[in-house]
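If you read the sequences in order, they're chains A and B. Sequential numbering from 1 applies to the first sequence in our numbering. Sequential numbering from 1001 applies to the second sequence in our numbering.
What the hints contain is simulated information worked out from the structure, not anything from laboratory work. Where a beta carbon is used, it is the ideal one built from N, C-alpha and C, also for glycine. Take these hints with a grain of salt, some might be off.
As the list claims (entries may be wrong) - Chain A is faced by these chain B residues, among others (derived, beta-carbon under 10 Å):
#: 1; residue: Leu1034
#: 2; residue: Asp1248
#: 3; residue: Gln1274
Claimed, not checked - Label pairs and their computed distance ranges (CB to CB):
#: 4; chain 1: A; residue 1: Leu25; chain 2: B; residue 2: Arg1003; range: 51 to 59 Å
#: 5; chain 1: B; residue 1: Asp1002; chain 2: A; residue 2: Thr61; range: 34 to 42 Å
#: 6; chain 1: B; residue 1: Leu1190; chain 2: A; residue 2: Glu39; range: 42 to 50 Å
#: 7; chain 1: B; residue 1: Asn1023; chain 2: A; residue 2: His5; range: 51 to 59 Å
#: 8; chain 1: A; residue 1: Gln19; chain 2: B; residue 2: Met1341; range: 29 to 37 Å
#: 9; chain 1: A; residue 1: Leu25; chain 2: B; residue 2: Asp1279; range: 51 to 59 Å
#: 10; chain 1: A; residue 1: His5; chain 2: B; residue 2: Asp1019; range: 52 to 60 Å
#: 11; chain 1: A; residue 1: Asn47; chain 2: B; residue 2: Gly1014; range: 47 to 55 Å
#: 12; chain 1: B; residue 1: Pro1237; chain 2: A; residue 2: Gln19; range: 52 to 60 Å
#: 13; chain 1: A; residue 1: Asn47; chain 2: B; residue 2: Asn1254; range: 26 to 34 Å
#: 14; chain 1: B; residue 1: Lys1313; chain 2: A; residue 2: Met63; range: 18 to 26 Å
#: 15; chain 1: B; residue 1: Val1192; chain 2: A; residue 2: Pro43; range: 45 to 53 Å
So you can see what is in the structure, the chains are spelled out below.
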Amino acid sequence: MENQHIKVRLFGLLAELLQSESLELPMAQDTGELLLILESKFPVLQNQTFVLTADRRIVQTVMKINHATELALLPPFSGG
Amino acid sequence: MDRFSRQTILPGFGNSGQDKLRNASVLVIGAGGLGCPALSYLCAAGVGTIGIVDGDVVETSNLNRQILFGVKDLGKNKAACAGETLQSQYPDVRFNIYTCMLTNVSSLQTFQEYDVILDGSDNFPTRYLVNDACYLLRKPLSTGAVFQNEGQFIFFCPPETDEYYVNYRDVFPLQPPAGEVPDCNQAGVLGVLPGLIGIFMASETIKYLSGFGRLNAQKMHVYHWNSQSLVDFEILPNPKARMHLPEDCDVYINQDYGQCCVAVSEISWKEAIQLRSIDPAKTALVDVREVHELPDSILLNCVKLPLSQLDEKYQILNSFQHIYLFCQTGQRSQYAMKQLMLRYPEKTIYSIQGGILHPESSLKSVN
């Protein structure tokens, strides 16, 4: 179980900044821990506006996650 | 055979769906990459009254995606030009044309006259201004935006009761700082992408107005062009949204949404050049673009202060009293203006409207 990773899909400017459309990260217990891992591994995220989604819901509070949770980071777009 | 026969024969749409569209009104904000295709399909479908808001003029670089315009329209106001083109195609549609940018006051007055607001604007100040007005007036809002090869769209539909309902601030409670998220002028875009998103926005609007089909409201749909995938994200109420939504219309009218809407600290190229000639030693034209960006501004005899070096090098402006900032489109210069106003509250600081790409800029022809 210790080797398990989780995958986080990236959209928009975040995919461009991190030069990838998805990230493989060490397993986190919940969304709060995941955000801490993300911001420490990728400090550029600290200055970006985005929301975390889990199983296609925009996460507003800390919630448990597991290796099967579908995760993504969504930034706002402004172009029109 | 009337022009709507192919949709009135659709099972479930019928004459009643058509009558609902004919009696409906939609206000389209921004006749740009999203607004043009949305307008075309709303008019083609027979929406009876269409309002078009845009204070901008048609530029050559718009033509890859703003499909209601052609080379003959360069320099014309977009709302007026789009209205003219569509009126000749669909004489049965009634058009209201608004050639100014939206303000807090005008949005409240204008939105009341329409059944749905479709926001195809290209900047965050307008997005938040429109979201908040729609929430306060409980107007259905079809909103969308693009970044390079991806697009987002949401249809916000107020419930019949007066309870709280999710809106754009439940996704992103606060406006990102100016300059953080690039627009199409900075990030680039193929015309088909806003074309697709604009049609999705019109499509949900037509569902809502006609009662035909299943409305997919209160969800953020994200379209990924490369993988040809469309993913839906459920939007849940966010306590932070309520903190930032204006409490009522009075609070809304006095809320500062940023420079794009009120334009109080923007000046034109003509004014900036004229003002510099009055006191050249004390006046600086400042290019805040990064060093690699073209066209080179050397001909303007300006100070170069890239936004990325603003914090460490802003003191090069110490000796100037009047500072006029510009970038490629006028977005980053607004951000730089706010930063510099904190450091130099006693100086006069303006952002030059439209940046290098503005038709009045003497460098535009080099681009």
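Using the beta carbons of Asn47/A and Gly1014/B, state whether their distance is inside 47 to 55 Å or not.
-> holds, 53 Å
Just tell me: holds or violated, for the beta carbon distance of Val1192/B and Pro43/A against 45 to 53 Å?
-> violated, 35 Å
Measuring from beta carbon to beta carbon, are Gln19/A and Met1341/B in 29 to 37 Å?
-> Distance hint for Gln19/A, Met1341/B holds at roughly 35 Å.
Hint check: 10 Å Cβ-Cβ cutoff, Gln1274/B to chain A | It is violated, given that the least Cβ distance between Gln1274/B and chain A is near 32 Å, above 10 Å.
Cβ-Cβ distance between Pro1237/B and Gln19/A: within 52 to 60 Å?
-> For Pro1237/B and Gln19/A the Cβ distance comes to about 34 Å; the hint is violated.
When you take the CB atoms of Asp1002/B and Thr61/A, is the distance between them in 34 to 42 Å?
-> The hinted range 34 to 42 Å is violated for Asp1002/B and Thr61/A, with Cβ atoms some 53 Å apart.
Is 42 to 50 Å right for how far apart the beta carbons of Leu1190/B and Glu39/A are?
-> The hinted range 42 to 50 Å is violated for Leu1190/B and Glu39/A, with Cβ atoms some 32 Å apart.
Should the interface hint for Leu1034/B be scored as holding, given a Cβ-Cβ cut-off of 10 Å against chain A?
-> Holds - the Cβ of Leu1034/B comes within 10 Å of chain A, reaching about 5 Å at its closest.
Range hint 51 to 59 Å: satisfied by the CB atoms of Asn1023/B and His5/A?
-> Holds, since Asn1023/B and His5/A (Cβ atoms, about 55 Å apart) stay within the stated range.
With respect to the beta-carbon atoms only, verify the hint that Lys1313/B and Met63/A lie 18 to 26 Å apart.
-> Given a distance of about 44 Å, which is not inside 18 to 26 Å, the answer is violated.
Satisfaction of the hinted span 51 to 59 Å by the C-beta atoms belonging to Leu25/A and Asp1279/B | holds, 56 Å
Distance restraint hint 51 to 59 Å, applied to the beta-carbon atoms of Leu25/A and Arg1003/B = holds, 55 Å
This entry does not satisfy hints 2, 3, 5, 6, 12, 14 and 15, going by the numbered hints stated previously.
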